[in-house]
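K.L.:
Respectively, the protein sequence lines represent chains B and W.
Under numbering that gives the first Met the number 0, think of the first position of the first sequence as 0, with each following residue one higher.
Under numbering that gives the first Met the number 0, think of the first position of the second sequence as 0, with each following residue one higher.
I should point out that these hints are in silico values taken from the structure, not numbers from a laboratory.
Watch out, some of these pointers could steer you wrong.
Said to hold, decoys possible - Straight line, CA to CA, 25 angstroms or less: simulated PhoX-like cross-link-like pairs of lysine-lysine: (1) K422(W) - K223(B); (2) K205(B) - K150(B); (3) K211(W) - K45(B); (4) K211(W) - K103(W); (5) K211(W) - K151(W); (6) K10(W) - K72(B); (7) K80(B) - K1(B); (8) K10(W) - K76(W); (9) K211(W) - K75(B); (10) K223(B) - K151(W); (11) K1(B) - K72(B); (12) K352(W) - K325(W); (13) K211(W) - K223(B).
Spelled out, the chains give:
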Amino acid sequence: MKIEIAFLYNDLMNIYGDRGNVITLTRRCEWRGIEAKVTPLTVGDKLDPDKYDLYFFGGGQDREQYTVADDLKGEKGRLLKQAATEGAVILGICGGYQLLGHYYRPFEGPDLPGIGALDIHTIAGHQRYIGNVVVETAFGTLVAFENHSGKTYLGSQAHPLGKSVIGGGNNGEDSTEGAIQQNVFGCYLHGSLLPKNPHFADHLLKLALQRRYGAVELSPLDNKLEEAAHHSAMQRARETR
Amino acid sequence: MKQTFAIATGKALLILLQRTGRGGTALPGLIAQRLDPHILTGLTARLPSGSAVVTGTNGKTTTTRLFSTILQQAGLKVVNNRSGSNLIRGLTSTLLDQATFSGKLVADVGLFEVDEAAFPQAIAEIGPRLILVNNLFRDQLDRYGEIDTIRKRWVASVQKLGVGTTLVLNADDPSVAYLARFAPTGVRTVFFGLDDPAQTLSELPHAVDATKCVVCGSPLRYSAVYISHMGHYQCTNCDFKRPEPDYLAQNILLQGTSTTQFTLTTPAEPLPLSLGVPGLYNVYNATGAAAAALTLGLAPENVRLGLAEFKAAFGRIERVALAEDKALLLALVKNPVGFNEVLRMLTTSAEPKLKLLIIINDLIADGRDVSWLWDVDFEVLAGKVEQVFTGGLRAADMAVRLKYAGVASSLIRVEEDIATVLKEATEHLLPGETLYVTPTYTAMLQTRQILQKMGMVLPFWEE
Ligand SMILES: [Zn+2]
């Protein structure tokens, strides 16, 4: 088996160690004898929606986010959205999450358009949510670190990724964290997210492989270190917030 | 009159606190500041040879100390600050300590280390003769705000610099070199940098902040990369490029964890230098300090002796000797760039297989977000370690990072408790071996405390 991973804007949207997610997806394939190929796709690069099984889209700084939004305005954004509606797996974190939605509304100036693969929108907020977080999801508990001031609201097509147990969540108001629509996942979870939530990493891999190969069972891996990291992150979230 | 009173009162309070064993607080500075809001400006104006400021994300402590050692070689009495919170208040207290009751200062020159966030206010209040800017990295974003915001604030304060000020800038760092564009007429800019094909990296490392042009946003093209985003760059679209340095480090000879040799090309004679601390990072620090000192008109001989005599007594790397010729080598790690540099030093050291102890805490002073571990290129350790211990509050996160970097799980031992892991790791050493210990800030403080309790003598350390 082989999985094709597109690392969207790896040179621009790579703050807070989000590349740890791509490293995790790749390694967990390799350890199972599944070939994983990562292709960086940045500004100006063409996107082939038939080629990739999984897209990763991390967070960036404001300026980079404008550059990326601009690059996604035309054909490329349309193709990425097409991939989403055709069932490709996409994981967007923070800025990437926001750009998967309809728009980001800054305090001043025009809205920053997203691709609308998630029925969400984000509004600049005055409060910054920073700290360790715990989220309950249908795929198990997620532990991570949040750092955002944008407030994200879900429309009727998107479902929350989970319930925010510790942390500000999407907007500090409705106790939701992240969004899911088809196989598109978005959230504010840095940390990196997938290394210490291996069950969620495997869920994404399985979804991506099933689309190409039909029913797939992933062979079990030794997750002792990952689980220890999961537990210590949970403990730090309880102690620090 | 108001100022004289403020100085005398602050001074009296300082002496009182020192006599009662409560020295080193910022309280006298606070009181004096209340009595006269312009007291810091007044105090620095009384320094006979003026003052200089060092800023940047990485290495400013070392750079300040190198610069200070050079100034002392020239026979100058230097007043230094401790970096930390309440910078202005702390500086005021430091200067009060050096002042007489009548407001005369005992020191000749002030040399102040200022962090990125405090830079604009510090510059405005101190009015330095010279400003040395080392580099600008993404440090702990949750502490300082994003890099763009900092750059904008720096630009605004550079635009307000007075005539006669000298800016000493790292030409190899695009964000720093960019500041020169905003220097008003009458402000002198001096550049320093590296030029040594033997020290270049094959590609930009992952922990890179600035691969886009700060002027127009287009990609930068690098013909050489030394550390992170520092190197020889040129914009692919506009005229922005690395300025030609006035002071250039060449023929760099790094020798693992010991000293470093290089040649400093200057507008006058080239200067062969020997540096008492290891690592390419410190070549940047030393080149910046040397460029600043030579620009101020100090003799090359003072620079040479100052750098040669500098020891990393308080610095980033220190060696602790144990029985049976065993040793600990402590190196503080606080961000991806610094950590990459430490890894580079370790993997070029003489040891064929390393024994390593990485201690990661996530308290405020360490940065609460451990995501940054995923920006460090631990992949260089794969195949080069014999045993890695991980300790601290986020020992498990660190272990996972190593596993995904290709270090076999069987070589990784996780133990959060620092005292326990230190004991285990040192017991594991064979005669003649060195344990490399890389703690984050608060983990370093704890480690040193534990080592002291174990009866080891450590030099005074501050960061
Ligand atoms: Zn440009």
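K.L.:
So which hints don't hold here, by number, going up?
P.N.:
Violated hints (numbers, rising): 2, 4, 6, 10, 11, 13; every other hint is consistent with the structure.
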